[in-house]
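Chain residues, written in single-letter form:
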Amino acid sequence: MNSIKFLYAAYIATWLIHGLYLGSLVRRYGRLRQQMKDLGKGK
Amino acid sequence: MKRAFPILAVLTVLFLAYAFYQALWVAPTDALQGDVYRIIYYHVPSAWTAFLLFFINFIASVQYLANARPSTARAAKWIVIAIGIVGFVAPFIPQVRQQLPTGMYPSSVATTFLIITTLYFVIGKYFVDQDLDVLAVTTAEVGVVFCSIVLVTGPIWARPVWGIWWAPGDIRLASTLVLWLIYVSYLVLRRFSDSAQTQKLAAVLAVFGALDVPLVYFSIWFFRTQHPQPVIGGGGSMDPRMLHVLLISWMAFLSFAFLVCWSRYRLEKLRREVEEAEALESLMETSATFSAGKVPFSQGSK
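If you read the protein sequences in the order shown, they are chains L and G.
Heads up: the first sequence begins at 1 in this note's numbering, then just goes up one per residue.
Heads up: the second sequence begins at 1 in this note's numbering, then just goes up one per residue.
Some hints here could point you the wrong way.
Derived EDC-like pairs (lysine to aspartate or glutamate); straight-line CA-CA distance at most 20 Å [as the list claims (entries may be wrong)]:
1. L/Lys37 to G/Glu278
2. L/Lys41 to G/Glu273
3. G/Lys269 to G/Asp194
What the hints contain is simulated information worked out from the structure, not anything from laboratory work.
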């Protein structure tokens, strides 16, 4: 059974989803940091 | 605490690498499925982690709703204690024990109820008021990520083994998809509604959504389904070496989920602080405009 490609696909998909989510967290942190900087400038 | 995070992150990466090595090279090959069965080491731990996160979301939501009034908080505590005692004792009563499905042990049911009760009080001790809401949104979001992995890896595994990507009408698959949809709608509600009641509405939705978790988990006991029997305590048999690797993999994913939740929790707290600071700043600007004798809002001329 040539099923090894399914195994690799499942493992890659798992880390792709985790990677995308972690990327979204980093982006949101960056946006917040910018907002905090803007708040600091306003004072 | 600042130092703990990077240390834990490094340990988790090492743990995940170890679990990966165990899953691909140490665990024995399945006699029927061949190597493709190794998807189990990502599919099942992701499902267990998602269930746990949704369950924590449920407890946080119940506490958030119950804490609105001291009397309901007290009542909720006693209800949880009563459920804990009944759930712990009942499985050992012969009449109840006979009703348990094959492979479900009274001790595991009792332990589950003990863990549920303990978790309720532990969360209640360390999280109060808005922190409960932050915990709820954190666990829902990370839970959806893990549930997405279950829904993606499941069909990838099903294709070579069952010959189909998806079994329409299968209760396990359908209820998992419904569970995912419920929590996605929970997140959409939180993202796009800015009503003062959003947190309460989301908490109510989470309580109803959590009812689907036992349905997903126990569906393979109570309904005829394409999905295999549970690997632990469900009458299915698994090679102890495979089970060992499965537990290692789950522990690794649990540590990873803990770290991700930690980051998401901090992010949510920070976001709320920034929102409060922005609101305060605009309030101060408005009051400064007023005290300078200017009218801040345009008024229609009569």
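TODO: Measure nothing beyond the straight line between the CA atoms of lysine 37 of chain L and glutamate 278 of chain G; if it is 20 Å or shorter, mark the hint as holding.
DONE: It holds: about 12 Å lies between the C-alpha atoms, which stays within 20 Å.
TODO: Could you grab the alpha-carbon distance between lysine 41 of chain L and glutamate 273 of chain G and see if it respects the 20 Å cut-off?
DONE: Holds: lysine 41 of chain L and glutamate 273 of chain G sit about 17 Å apart, inside 20 Å.
- [ ] Starting from lysine 269 of chain G, check that the Cα of aspartate 194 of chain G is at most 20 Å away, please.
- [x] 17 Å, holds
Checked against the numbered hints given earlier, this structure breaks none of them.
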